[in-house]
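Can you build the whole structure from these sequences, using the hints too?
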Amino acid sequence: MTLPFAVSLGPGSSRADLTGAWRTERAVYTDRTAPCGNACPAGEDVRSWLYDAESGGAGYEAAWRRIMETNPLPAVCGRVCYHPCETACNRGHLDEAVGINSVERFLGDEALDRGWRVEATAPPTGRRVLVVGSGPAGLSAAYHLARRGHEVTIRESAPVAGGMMRYGIPRYRLPREVLDAEITRLLAVGVTLEVDAPVTDLDRVMADEGWDAAFLAVGAQLGRRTYLPAASAARVLDAVSLLRGLEVGERPLLGRRVAVYGGGNTAVDAARTARRLGASDAVVVYRRTRERMPAHAEEVVEAEEEGVVFHWLSTIDRVEADGLVIEQMELDADGFPQPTGRIERLAADSVVLALGQDTDLSLLGDTSALTLTGGTVDIDPAFATTRAGVFAGGDVVAGERSVTIAIGHGRRAAEHIDDWLAGRPPTPAPAVDLAPYEALNTWYFEDADRTHRARLELARRSSTFDEVVHGLDADSALYEARRCLSCGTCFSCDNCYALCPDDAIIKLGPPGEYVIDLDYCKGCGLCVEECPSGAIVMVPEES
Amino acid sequence: MTTTPLKLYQVGTFAAGNRLLGPGERTVQSSMDRASCITSGHRACRGCGEALAARVVMDAAMRATGGRVVTVNATGCLEVFSTPYPESAWQVPWLHSLFGNAAAVASGVAAAMRATGRDDVRVLAQAGDGGTVDIGLGCLSGMFERNDDVLFVCYDNQGYMNTGVQRSGATPAGASTATTRPVGDGVGNAFGTGKNLPRIAMAHDIPYVATATVADLHDLEAKVAIAMARRGARYLHVLVPCPLGWGSQPADTVRVARLATQSGLFPVFEAENGMLTHATPIRRRVPVEEYLRLQTRFQHLFVGPGRPDVVAALQAQADRDIARFGLAPEEES
Numbered sequence: 001m002t003l004p005f006a007v008s009l010g011p012g013s014s015r016a017d018l019t020g021a022w023r024t025e026r027a028v029y030t031d032r033t034a035p036c037g038n039a040c041p042a043g044e045d046v047r048s049w050l051y052d053a054e055s056g057g058a059g060y061e062a063a064w065r066r067i068m069e070t071n072p073l074p075a076v077c078g079r080v081c082y083h084p085c086e087t088a089c090n091r092g093h094l095d096e097a098v099g100i101n102s103v104e105r106f107l108g109d110e111a112l113d114r115g116w117r118v119e120a121t122a123p124p125t126g127r128r129v130l131v132v133g134s135g136p137a138g139l140s141a142a143y144h145l146a147r148r149g150h151e152v153t154i155r156e157s158a159p160v161a162g163g164m165m166r167y168g169i170p171r172y173r174l175p176r177e178v179l180d181a182e183i184t185r186l187l188a189v190g191v192t193l194e195v196d197a198p199v200t201d202l203d204r205v206m207a208d209e210g211w212d213a214a215f216l217a218v219g220a221q222l223g224r225r226t227y228l229p230a231a232s233a234a235r236v237l238d239a240v241s242l243l244r245g246l247e248v249g250e251r252p253l254l255g256r257r258v259a260v261y262g263g264g265n266t267a268v269d270a271a272r273t274a275r276r277l278g279a280s281d282a283v284v285v286y287r288r289t290r291e292r293m294p295a296h297a298e299e300v301v302e303a304e305e306e307g308v309v310f311h312w313l314s315t316i317d318r319v320e321a322d323g324l325v326i327e328q329m330e331l332d333a334d335g336f337p338q339p340t341g342r343i344e345r346l347a348a349d350s351v352v353l354a355l356g357q358d359t360d361l362s363l364l365g366d367t368s369a370l371t372l373t374g375g376t377v378d379i380d381p382a383f384a385t386t387r388a389g390v391f392a393g394g395d396v397v398a399g400e401r402s403v404t405i406a407i408g409h410g411r412r413a414a415e416h417i418d419d420w421l422a423g424r425p426p427t428p429a430p431a432v433d434l435a436p437y438e439a440l441n442t443w444y445f446e447d448a449d450r451t452h453r454a455r456l457e458l459a460r461r462s463s464t465f466d467e468v469v470h471g472l473d474a475d476s477a478l479y480e481a482r483r484c485l486s487c488g489t490c491f492s493c494d495n496c497y498a499l500c501p502d503d504a505i506i507k508l509g510p511p512g513e514y515v516i517d518l519d520y521c522k523g524c525g526l527c528v529e530e531c532p533s534g535a536i537v538m539v540p541e542e543s
Numbered sequence: 001m002t003t004t005p006l007k008l009y010q011v012g013t014f015a016a017g018n019r020l021l022g023p024g025e026r027t028v029q030s031s032m033d034r035a036s037c038i039t040s041g042h043r044a045c046r047g048c049g050e051a052l053a054a055r056v057v058m059d060a061a062m063r064a065t066g067g068r069v070v071t072v073n074a075t076g077c078l079e080v081f082s083t084p085y086p087e088s089a090w091q092v093p094w095l096h097s098l099f100g101n102a103a104a105v106a107s108g109v110a111a112a113m114r115a116t117g118r119d120d121v122r123v124l125a126q127a128g129d130g131g132t133v134d135i136g137l138g139c140l141s142g143m144f145e146r147n148d149d150v151l152f153v154c155y156d157n158q159g160y161m162n163t164g165v166q167r168s169g170a171t172p173a174g175a176s177t178a179t180t181r182p183v184g185d186g187v188g189n190a191f192g193t194g195k196n197l198p199r200i201a202m203a204h205d206i207p208y209v210a211t212a213t214v215a216d217l218h219d220l221e222a223k224v225a226i227a228m229a230r231r232g233a234r235y236l237h238v239l240v241p242c243p244l245g246w247g248s249q250p251a252d253t254v255r256v257a258r259l260a261t262q263s264g265l266f267p268v269f270e271a272e273n274g275m276l277t278h279a280t281p282i283r284r285r286v287p288v289e290e291y292l293r294l295q296t297r298f299q300h301l302f303v304g305p306g307r308p309d310v311v312a313a314l315q316a317q318a319d320r321d322i323a324r325f326g327l328a329p330e331e332e333s
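Chain order of the listed sequences is A and B.
Mapping of the first sequence onto the working numbering: position 287 corresponds to residue 287, and the numbering continues sequentially without gaps.
Mapping of the second sequence onto the working numbering: position 172 corresponds to residue 172, and the numbering continues sequentially without gaps.
The hints are simulated quantities; they were obtained by calculation from the structure and are not laboratory data.
Even glycine gets a Cβ: it sits at the ideal position worked out from N, Cα and C.
Each hint should be verified, as a subset may be incorrect.
Unchecked claim - For the chain A half of the interface with chain B, some residues (derived, Cβ under 7 Å), not all of them:
1) Pro-11
2) Arg-15
3) Trp-116
4) Arg-244
5) Glu-247
6) Thr-489
7) Cys-493
8) Glu-530
Okay, structure coming up:
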């Protein structure tokens, strides 16, 4: 190059100066676990399907398909799940949790409306698996096993599939056409359903029919009783039988004044059902306080709206012909209710017991190698029982019980059964690196209040079994999906690329694809600080 | 039923870009074809606010003019870190002036363009706060008065940073610098001194005056685009935190700038022909203390018993500007 007069050095680019050498720490893109998905008992990758749904249009189907990878019953869960995802949602610290459950319901309903279907993902393996019970655990296990190419048969003792979703959850929370449609679609993946087919001796059935494995998911359908001194004329029945009877067309005679004994969701369901059956007074008697009630707060509020009355800190002492004798309780220092000796009377025509459920394991036979503890089947972390080839999940095993938990059990058990059939060691659970709220930079998120689902007008809630909670329309569902903060993963906002003072971040083009040019990154950490979703971390430079 | 207009919340208007937004709604900086007028390898400190701001401003000017822009750079940090001879980080026609005469050189370049019939080529002058409010004020005032066709951008880091953090006419009250140490009863830089150049520029009744920070790229880029769409003398004052001189963490540069605006200490506004036309309301108001505590230049206000009287005086100053420019958050006003 010819240099001008008196110039001894040619011009050069600053790129000759590799300022990355100054660095003591480097920024690294990361992908942390979002609290929503971590909290989901069904194991849904909530953040990812919200990301898909944020595009709207074709994104809805992609989002639904991603849900279906783990949970085959989104329209059901969008109604009956107690959404621990929303409890965990980081947006709750900012304004209010993302309405994940309502978006899931929207996607589930959209799928039913448009007839979206899923297929098996693996060729037939030739292995045969028996699923005992068609509740959420059984259906979920059957679905995941069938998608993996196994030949699956569900045996159900009742005349219709669904388990507690059908015989335990009232219609006003879960319309049966939604349940039926999701079960039909699930069976179409390649599951054989045999109804009115109780399994009475599992060992014999396994041996005689040559099943390679079995999944035991018979649930807990026996209402727990307690001894109550009762006059002969008193009507005492249990909530499970009440709800089941209603489903098969019975109209139980409850009278005008109904007392429900218990504090779980089933107690609330029974009280709300009693109102719909014409009871003028539906009273829930519970021995602890509202805060300590296991029933979900949302359902308690809905019940109160419908005129259900709650008697906190009360136990039923005895049942007389014209009502109940109730003893008041008080909580001791440890939070346990203790009797006070103070007595009051409550007029009631009938008493519904909702004190929990036990599992009916008569099908195991006397000689089975399965062991039980406290009336539930023992399983290892891989859902295997003590009898080789038999796995169990859902309400039949110990632990918390809900539809969503059962669906999660079904999926995880199916994965372990698949491993077991293939002779693979159990797949270990992935490590969890949770994205905390503090990792987010919420400045970048627009203020956006949550949209709540509308509810059926009250007049119709005390007389009909119409669905109480309405769905979101498409606009609101999209709005709600876009409230997601994308905790712990990139949503391609370009902040890192735009804010690097050293022009050291290279944007590759596809959403979320960036590379840090370590020749020039000085390690200032500005990108980490300004990443809205906490998807970049600083790590010490290797010395 | 009430309806809510559909907006993008994950992105809003606050992040640089988003996959769901049309290209027109994203910042220039989020675009793969941005000019990157200052390339890598420059020697600015880690987390330098000025290096970031200068790229954002120049890239926006390049976008606005279709790449026909010449820049004149006063002596100062920006010139020193970008162009240690014989290397330069600049990817645009760039002229280095003296410390105090960038406005005069830029006026000359604009005159030359006009004389040669090339007034499609626009001129952008850049200087730090020293080269603007102190040493260059005479030339700049002349450029304003003649209404020369130049956008003059001041990157305000509130002191003479590359020479060792001495006080400038833009150093805020209460700040410790090499020449305003809080010795004895001293508070750091004295109250009642210094110059507010955006308001001085407004007093010249020039076509466009605006302030901005590196904490809001959408706003900063929009102001450059507005300025480049006009002719005559225009002035843009950009607050650029300096980790070295302010004693803030390099990673906190944008955060510090954001807190300057959210505390009311740095009003973000626009003025046309001497009249205030727009002020950006505060979104999440914070006490000045939250801003001050991130910077060791204000550390003496909080050590031991601290100087609550000085913090209160700075808060009063912020409150005055909030009232003067109408910056109160929407729900408060």
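Checked hints:
1. Pro-11: holds, 6 Å
2. Arg-15: With a minimum Cβ separation of about 4 Å from chain B (threshold 7 Å), the hint on A/Arg-15 holds.
3. Trp-116: Result: violated, 23 Å to nearest chain B Cβ.
4. Arg-244: At 37 Å from the nearest chain B Cβ, A/Arg-244 fails the 7 Å test, so the hint is violated.
5. Glu-247: violated, 33 Å
6. Thr-489: At 12 Å from the nearest chain B Cβ, A/Thr-489 fails the 7 Å test, so the hint is violated.
7. Cys-493: holds, 4 Å
8. Glu-530: holds, 5 Å
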